[in-house]
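Novice: These protein sequences, in sequence, are chains X and Z. Take the position in the first sequence, starting the count at 1, then add 71; the result is the number in the working numbering. Take the position in the second sequence, starting the count at 1, then add 71; the result is the number in the working numbering.
Incorrect hints may have been included.
Copies of the same chain look alike in the list, so a pair counts if it works inside one copy or between any two.
[To be verified] Result set (SDA-like, lysine to any residue): computed pairs, CA atoms no more than 20 Å apart in a straight line:
#, residue 1, residue 2
1, 103, 114
2, 226, 308
3, 74, 110
4, 171, 427
Rather than coming from a laboratory, the hints here were simulated on the basis of the structure.
Residue-level listing of the chains:
There are 2 protein chains.
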Amino acid sequence: MLKAGILGGGQLGRMLLQAAANYPVITHVMEKSMDCPAGHLCHHFTAGDITNEEQVYTFGKGLDVLTIEIERVNVAALERLHAEGVRVIPHPAVIRTIQKKISQKSFYVEHSIPTPDYVITQTAAELSQLTDRLPAVHKLSEGGYDGRGVQVITKQEDVSLAFDAPAILEKMIDIRRELSMLVACSEQGELAVYPPVEMMVDPYLNQLDYQISPAILPDEIYWKAEAIAVKVVQSFKSPGLFAVELLVDSNNDVWVNETAPRVHNSGHHTMEGNYSSQFDMLWRILLNYPLGNTDPVLPSAMVNLVGAADYAGKAIYEGLEQVLSMDHCFVHIYGKEETRPGRKMGHITVMHNDRSELLHLCNKIKHTVRVIAPKS
Amino acid sequence: MLKAGILGGGQLGRMLLQAAANYPVITHVMEKSMDCPAGHLCHHFTAGDITNEEQVYTFGKGLDVLTIEIERVNVAALERLHAEGVRVIPHPAVIRTIQKKISQKSFYVEHSIPTPDYVITQTAAELSQLTDRLPAVHKLSEGGYDGRGVQVITKQEDVSLAFDAPAILEKMIDIRRELSMLVACSEQGELAVYPPVEMMVDPYLNQLDYQISPAILPDEIYWKAEAIAVKVVQSFKSPGLFAVELLVDSNNDVWVNETAPRVHNSGHHTMEGNYSSQFDMLWRILLNYPLGNTDPVLPSAMVNLVGAADYAGKAIYEGLEQVLSMDHCFVHIYGKEETRPGRKMGHITVMHNDRSELLHLCNKIKHTVRVIAPKS
Numbered sequence: 072m073l074k075a076g077i078l079g080g081g082q083l084g085r086m087l088l089q090a091a092a093n094y095p096v097i098t099h100v101m102e103k104s105m106d107c108p109a110g111h112l113c114h115h116f117t118a119g120d121i122t123n124e125e126q127v128y129t130f131g132k133g134l135d136v137l138t139i140e141i142e143r144v145n146v147a148a149l150e151r152l153h154a155e156g157v158r159v160i161p162h163p164a165v166i167r168t169i170q171k172k173i174s175q176k177s178f179y180v181e182h183s184i185p186t187p188d189y190v191i192t193q194t195a196a197e198l199s200q201l202t203d204r205l206p207a208v209h210k211l212s213e214g215g216y217d218g219r220g221v222q223v224i225t226k227q228e229d230v231s232l233a234f235d236a237p238a239i240l241e242k243m244i245d246i247r248r249e250l251s252m253l254v255a256c257s258e259q260g261e262l263a264v265y266p267p268v269e270m271m272v273d274p275y276l277n278q279l280d281y282q283i284s285p286a287i288l289p290d291e292i293y294w295k296a297e298a299i300a301v302k303v304v305q306s307f308k309s310p311g312l313f314a315v316e317l318l319v320d321s322n323n324d325v326w327v328n329e330t331a332p333r334v335h336n337s338g339h340h341t342m343e344g345n346y347s348s349q350f351d352m353l354w355r356i357l358l359n360y361p362l363g364n365t366d367p368v369l370p371s372a373m374v375n376l377v378g379a380a381d382y383a384g385k386a387i388y389e390g391l392e393q394v395l396s397m398d399h400c401f402v403h404i405y406g407k408e409e410t411r412p413g414r415k416m417g418h419i420t421v422m423h424n425d426r427s428e429l430l431h432l433c434n435k436i437k438h439t440v441r442v443i444a445p446k447s
Numbered sequence: 072m073l074k075a076g077i078l079g080g081g082q083l084g085r086m087l088l089q090a091a092a093n094y095p096v097i098t099h100v101m102e103k104s105m106d107c108p109a110g111h112l113c114h115h116f117t118a119g120d121i122t123n124e125e126q127v128y129t130f131g132k133g134l135d136v137l138t139i140e141i142e143r144v145n146v147a148a149l150e151r152l153h154a155e156g157v158r159v160i161p162h163p164a165v166i167r168t169i170q171k172k173i174s175q176k177s178f179y180v181e182h183s184i185p186t187p188d189y190v191i192t193q194t195a196a197e198l199s200q201l202t203d204r205l206p207a208v209h210k211l212s213e214g215g216y217d218g219r220g221v222q223v224i225t226k227q228e229d230v231s232l233a234f235d236a237p238a239i240l241e242k243m244i245d246i247r248r249e250l251s252m253l254v255a256c257s258e259q260g261e262l263a264v265y266p267p268v269e270m271m272v273d274p275y276l277n278q279l280d281y282q283i284s285p286a287i288l289p290d291e292i293y294w295k296a297e298a299i300a301v302k303v304v305q306s307f308k309s310p311g312l313f314a315v316e317l318l319v320d321s322n323n324d325v326w327v328n329e330t331a332p333r334v335h336n337s338g339h340h341t342m343e344g345n346y347s348s349q350f351d352m353l354w355r356i357l358l359n360y361p362l363g364n365t366d367p368v369l370p371s372a373m374v375n376l377v378g379a380a381d382y383a384g385k386a387i388y389e390g391l392e393q394v395l396s397m398d399h400c401f402v403h404i405y406g407k408e409e410t411r412p413g414r415k416m417g418h419i420t421v422m423h424n425d426r427s428e429l430l431h432l433c434n435k436i437k438h439t440v441r442v443i444a445p446k447s
């Protein structure tokens with residue numbers, strides 16, 4: 072059986088391994104501690120630092136294929152492994168480009184992919200020279216994640232909030248919609264495109280509130296979104312499963328926000344909602360099988376279950392039983408011992424032919440379940 | 072987190088553990104060798120003999136809840152554990168009743184549950200006194216599985232084929248349909264009934280050829296099947312997930328063939344075809360969650376992938392790529408290294424709103440994929 076490795080053992084790894092059990096494959100995972108969401112679901116677990124070159128190299132040597140569930144991995148090791156014949160999906164060059172917002176933005180510009188206008192800043196002080204560009208969004212080039220490393224700079228006085236590290240200052244888009252396009256690319260360059268997903272974002276946490284698939288869009292936006300997402304993935308010239316996050320403005324122009332070269336939160340609904348889930352699809356690419364069917368089984372929606380504000384400690388899923396007794400819901404708890412404010416603890420997918428019922432159920436779920444901890 | 076144990080680590084355990092990853096639960100598995108389909112998907116694996124009283128007792132002691140994926144387990148150990156406060160689902164008494172065909176049949180008779188008429192035989196010689204009952208089916212009381220331990224005795228000359236061990240000689244039913252009813256029962260006695268499944272059986276291997284859900288049945292049969300399945304499960308007075316196999320004769324009478332007090336081959340389609348799969352449902356029972364929704368998402372069918380005759384050795388899945396490129400199919404390979412004639416190696420589920428398309432796809436799958444081994 073083929074030996075496949077995953078760098079990272081969070082919930083994405085967990086769900087990848089659930090899907091792996093449908094295929095003949097020996098799975099290897101590297102993560103800091105076995106006590107992570109994916110640690111117990113693989114054939115071979117390696118405790119290690121996925122940002123350490125020698126550890127990643129040693130882990131990958133001898134495997135047939137390697138993938139990632141997070142971008143913050145050591146790329147130098149992946150390049151060595153790739154050069155020595157280990158298949159690395161996505162290609163290391165893609166991860167290197169995407170790891171830094173600065174190189175990711177340059178990539179879009181070089182490939183004439185529409186992305187919000189920006190300038191590069193190296194220090195916070197530079198922003199005082201750029202006030203003509205406000206309001207704008209300051210984004211750390213490295214280390215931003217789930218809303219961290221992003222700062223809205225509306226007026227001159229906000230300049231003190233700027234990051235004193237390499238960053239981009241990005242023009243603020245008059246966002247009317249946020250979409251995600253999942254695109255699969257096989258080793259042979261064949262593509263499979265999922266229907267667009269509309270994401271509703273929590274403005275406080277900058278985390279996904281809920282998402283609907285397929286998004287109902289005017290044709291004009293639909294075709295632009297698909298064309299742009301395909302162009303992004305084709306430009307990377309790499310096999311993999313990609314999530315292209317798109318912004319639609321008040322002129323119905325479509326802009327690439329960012330791309331994840333891996334399975335992604337915006338694709339969780341595909342586990343039940345589409346014939347081939349994003350996790351199944353990535354295994355098909357890793358195992359060199361034909362790509363799967365991206366058609367929806369039924370319309371679906373997904374609600375993230377994140378740690379409630381003001382609670383940290385052993386997770387308690389308040390209201391979970393009520394959600395479990397609701398029809399058409401699929402509960403996914405990631406098995407993390409500890410909750411923290413905003414931490415992704417699980418998600419719930421809803422499937423229904425009636426879209427108003429989908430929204431109704433999402434709203435009901437959001438008001439029913441909370442991840443809290445015992446008051447200390 | 073609750074600690075749950077599974078006795079047996081075959082494909083049913085594998086799929087149970089895939090479903091377990093949706094919930095906060097620590098999983099323990101006992102099986103002969105870790106190199107079994109479920110061995111790598113649990114938190115804690117114990118190599119041991121599930122028919123050995125002390126080993127099962129030691130495994131179960133300290134767990135919160137125990138279940139089985141096969142009936143051939145040590146019941147005495149489960150009775151001790153149950154008495155000491157470990158939840159055992161299904162109850163040990165149910166497993167004891169079902170392990171032996173003789174006690175299982177007596178149970179149906181005692182509870183006025185329709186089951187084909189039979190007599191008990193202790194030796195092969197007894198059959199020569201029972202020729203007025205031919206044609207009949209001789210079934211070993213213990214150890215029969217997947218068609219083994221079942222012998223059709225048509226005429227006096229066949230008596231030499233009879234089993235020389237405790238068995239039942241069962242009246243042959245003029246079978247027109249074989250149905251399976253999956254019924255879930257919670258600790259509180261609440262029931263959830265899946266739509267009936269029609270099974271098409273390979274007469275040579277006595278293994279499932281393909282199955283369709285929901286079965287399209289005349290109302291009369293539908294209601295009888297449901298009423299009988301519910302009666303069987305209520306009579307057991309035990310929580311669990313039960314598969315009640317039913318035979319329908321030419322008078323549209325419905326008879327219980329046998330019951331499995333566990334997840335079952337006839338429920339595999341529920342993984343994609345129903346809102347709560349049989350595996351999800353059993354976890355809900357084990358974790359004391361509300362029962363799930365048994366509604367079909369879409370009509371579905373399932374094809375077993377068994378080892379081709381005349382091949383034994385390292386499994387090769389001939390034609391798998393063609394099936395993977397067919398729309399509406401879900402492939403499940405159990406990860407067994409070695410194939411043998413008739414060995415269950417995987418299954419493929421198909422979902423489609425159009426039932427004639429379902430049958431067409433099942434037939435296409437059966438003629439596309441074969442599990443073989445290299446010719447020695």
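Novice: Each hint should be assessed against the structure and marked as holding or not.
Specialist: We went through each hint and held it up to the structure:
Taking identical chains as interchangeable, the C-alpha atoms of residue 103 and residue 114 lie at most 20 Å apart whether they share a chain (17 Å) or sit on different chains (17 Å). With identical chains, the CA atoms of residue 226 and residue 308 are never at most 20 Å apart, being 40 Å at best within one copy and 70 Å at best between copies. Taking the shortest Cα distances, residue 74 and residue 110 sit within 20 Å of each other both inside one copy (16 Å) and across copies (16 Å). Proximity of residue 171 to residue 427 under the C-alpha cut-off of 20 Å is found in neither arrangement, the shortest distances being 39 Å within a copy and 52 Å between copies.
Hint compliance for this structure: hints 2, 4 are not met, and every other hint is.
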